[in-house]
Amino acid sequence: MSKYEEIAQDIRQAILSGKYSPNEQLPLEKEMCSSYGVSRITIKKAVDELVIQGLVIKRRGSGTFVKSVNDEDVEELGSVKQFGGFSETNKEKKVSSSIIKFEVIHPTDEIATKLKITCDDFVYYIVRARYADNEPYVIEYTYMPIGLIHGIKTDILMNSIYNYIEKNLKLKIKSAHRTVRAILPNEIEQEWLKIDKNMPILEVEQVGFLDNGQSFEYSKSHHRSDKIEIRTVSIK
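Mapping of the sequence shown onto our numbering: residues 1 to 236, in sequence order.
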């Protein structure tokens, strides 16, 4: 984790714990530079990260203030569920999986770029249908670099891959960049998700990162549109 990310995380925890109240001004850049022993550029990057997370807002000529959000939004922002896999986000239900495809391949140029590897490297290509209380929710198309995420077997795929990564490989999953779009299902998705060809599904394209900034996953998840809810906190 970089220094600015450490500072952003420290301020984030201070906000979520109530040390800084809604609408309260954060210390000035000069004060934070002194307290953290870093440059103004580092502080600026840390504050920008908090702006992106929806926790603070910059007011020109005034400073940086804690954004006023309701308790439910604060709980959501502070929860590990903000970036969790299917098993985590549905932990109150009975989660199960069906393996549609599991193979080792060379990545395409696009996938190699997303994962910051070469086309000569190997990746796992995993296609799974995921269920909650025996209801089909999503089909996941996942690529993971074998050099980093090693030892995956079919028994792991029947459960939580993220749990295996953190508990067995001792790696810390940190963040993700996502793009969400509406598409129509192909024949395989119609079959596995038990939907009509004219029912739109939501595609969530994602690159997942570890705490050291290394990308460990590139995936496209195709969700039944009646089984997914996306919440955001927007600022101006």
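Just so you know, the hints here were simulated from the structure itself, not pulled from any lab data. Treat the hints with care, as some may be off.
[Unchecked claim] Mimicking DSS-like on lysine-lysine, the simulated pairs with C-alpha atoms at most 25 Å apart in a straight line are:
| # | residue 1 | residue 2 |
| --- | --- | --- |
| 1 | K30 | K94 |
| 2 | K45 | K91 |
| 3 | K30 | K45 |
| 4 | K174 | K194 |
| 5 | K114 | K220 |
| 6 | K227 | K167 |
| 7 | K94 | K3 |
| 8 | K19 | K91 |
| 9 | K91 | K220 |
| 10 | K220 | K3 |
| 11 | K116 | K94 |
| 12 | K94 | K19 |
| 13 | K91 | K30 |
| 14 | K45 | K172 |
| 15 | K172 | K197 |
| 16 | K116 | K172 |
| 17 | K3 | K91 |
| 18 | K194 | K220 |
| 19 | K3 | K170 |
To see whether the hints hold, each was checked on the structure:
no.	hint	verdict
1	K30 x K94	51 Å, violated
2	K45 x K91	34 Å, violated
3	K30 x K45	14 Å, holds
4	K174 x K194	33 Å, violated
5	K114 x K220	12 Å, holds
6	K227 x K167	28 Å, violated
7	K94 x K3	40 Å, violated
8	K19 x K91	30 Å, violated
9	K91 x K220	21 Å, holds
10	K220 x K3	31 Å, violated
11	K116 x K94	35 Å, violated
12	K94 x K19	38 Å, violated
13	K91 x K30	44 Å, violated
14	K45 x K172	22 Å, holds
15	K172 x K197	39 Å, violated
16	K116 x K172	18 Å, holds
17	K3 x K91	33 Å, violated
18	K194 x K220	19 Å, holds
19	K3 x K170	22 Å, holds
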